[in-house]
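Peer 1: Chains as they are written, first to last, in our numbering: chain L, 1 to 301; chain B, 1 to 326.
Hints in this document: simulated from the structure, not taken from any laboratory. This one's a predicted model, so the numbers in the text were calculated from it and none came from an experiment. Heads up, some of the hints might be wrong.
[Claimed, not checked] Quick list of the computed label-pair ranges, beta carbon to beta carbon: (1) L/Glu51 with B/Arg197: 50 to 60 Å; (2) L/Leu76 with B/Pro263: 25 to 35 Å; (3) L/Phe286 with B/Asn194: 14 to 24 Å; (4) L/Phe286 with B/Gly192: 25 to 35 Å; (5) B/Ser227 with L/Leu7: 27 to 37 Å; (6) L/Phe286 with B/Gln147: 43 to 53 Å; (7) B/Arg197 with L/Ala95: 18 to 28 Å; (8) L/Ala95 with B/Ala89: 22 to 32 Å; (9) L/Thr168 with B/Glu277: 48 to 58 Å; (10) L/Ile68 with B/Ala315: 50 to 60 Å; (11) B/Glu277 with L/Gly57: 24 to 34 Å.
[To be verified] Here chain B is said to cover these stretches of chain L; the calculated rule only asks that three of the stretch's residues, wherever they fall, bring their Cβ under 8 Å from a Cβ of chain B: (12) 78 to 85; (13) 96 to 110; (14) 236 to 249; (15) 271 to 278.
In this text, a Cβ means the ideal position worked out from N, Cα and C, and glycines have one as well.
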Amino acid sequence: MQLLNTLLIGITAGSIYALMAIAFVLVWRSTRVVNFAQAGMALLSTYFGYEAVSRIGSFWVALPVAMIGGALFAALVELILMRLLVKHASSGPIAGVAPIIATLGLLGVIRSVISMIWGGQDLRIVAPISNNGFTINGSTLVFSPLKLLVLVVVAVLLILLTILFQKTNLGLALRASAHAPEIARLSGVRVDSVRTLGWALAGAAGAVAGLFQTVNGNGNFSPDSIEFSLLLVSGFIAAVIGGLDSLLGAVLGGLFLGITISFVLMYVSSGLFFIAPFIILLIVLFIRPQGIIGVKAGRRA
Amino acid sequence: MFILGGVVLYFLSGMVDELRVYQGATIAVYVIAISSIILLTGYSGQVSLGHGALMAVGAYAAAVLRIEFNLPIILCFVVAVLAAAIGGALLGAAAARLSGPYLAGTTLALAIGLPSLANQFAVLGGEQGLLFDVGFPPLALGEDFTQYKWFFWIAALAALISMWVVRNLLSSAYGRAWRAGRGNEVAAQLAGINTARSKVLAFTISAGIAGLAGALLAMTIGTVSPSAFPLALSFSLLTGAVLSGITTLGGVIIGAVVLVAIPEIADVVAHRLGSSESVTTNLPGLIVSGLLILTVLFVPNGPVEQHRARKAKHAAQHASSKKDKH
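Same shape as in the complex, but just chain L:
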């Protein structure tokens, strides 16, 4: 029973990491930038969701509001910051580190502005359904309706995203701009707009990850909550495990990370909560530096 519980907790957490990893992958594919502000964007979207919940009172409205808000904000960042960055800082000794520094700066700006608007204290979003575990044969599982909901929503989003990428012209344009931007441009794809769309999709995915990370935890969140730093690191690690270039890889990476952490916490030591992701990342990078799915050359960014 403990084994099953550990596994289910891991899968739920892992599916949230997977969403975050997808956000990283979408941004990486569209602009070859690892967006370290991703967690900040997710946090901002969570505040959008909070506003929606407190005004309208329904989590089901808050979810799309957060997604749309997150998508718009991410698109704005790409339009303003990323294009300026390409224009001004794409050569010289700093070119390799400029995107990293710029997105970190953005993370700082987002956090400060959030604290100015909403204050630094904990806010709370109440989960739409119960987080009390199911009871089977008289024993209570840790797995709850809420966790089931998280899994279902994540699965639905993944299916929608797959359909978008594999079955539509837009998806074709997204894939083409990721793999060969010059050729895509020659074939009449508006690569710049497609890039903005990639960021917007990432913003929406991050928004869902942020909301679910909050309600799957204790429901509290604040500009400084460690949950979001963890989301940043876990999402990044999941994306790296998956090869940083593949959506399927991101999902597998997220699940793998979630389950592994869950087992480490249960069977090794619960004090390893913060350091476990780092150790897993190091092991992965040493054993299989190209990720689960991914080409070897991809690692040299």
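With chain L held as given, fit chain B onto it using these hints.
Peer 2: This is chain B only, laid out in the frame that chain L set:
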């Protein structure tokens, strides 16, 4: 030149009030920490978001030795450098296989993970941390020689020494090897440079310097605790390095002064505007992050380098206009 700088600092420390002396000590600590980032990122081309964690390693090493064995303070600092350098060598061995965002992400994970380890071992004192007391200033310096002045002296001396070391390293064969590897790794390998080893070495040295900065920071605060080395510290070091001009060691004082001055400036601005408390407390963070973005976008190589480039351009124009006259 460094000796001259030391003499100037000596007279300055006698003239200003206590708060300024304390801020001077903090600036000296930042100078050391930022120069470690400049060495690593600007010269060797590796990004670390985990230098806050390496500073913590140095600080804890120094504090544990001080408490458990009561070693003389200078030895504590030496051990802080060694401990952080060992940590840096381990991290660097992993880092040499990574580049760009992978390295940034890995060190980020370390920065979040490592401070929590302090809660795992009793000897590290948990959330409260450890006391780190460098002792009173020697009596020979006189009655009115204050504790803060003593901090400043130690920090400033350490800053001068480490700047001297870093400067010489950067203009040595090692420095050239780092820059070659940063510019074009394959070309550097063709020229006979072992780029992997050179990267690990850069990481080790940078970590050692960061460890020293960590121990000095702990000295000025008086304690070592996980909360003294937050993720934000790693970020602000990077900000300081970028503001200083990440490829020029000469600008390092700019970044250090800005990091210390911004909270004060923000405080004044917020009071002028009469804004609420949540704005006041978060204004420094906003300014630092905003400056970081603006610098990367508009003066990517830092103010010093920008000035130099403009002067060179100006001189070139001047020369060519002279030529035209003939």
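Peer 1: Out of the numbered hints, which ones does the structure contradict?
Peer 2: none
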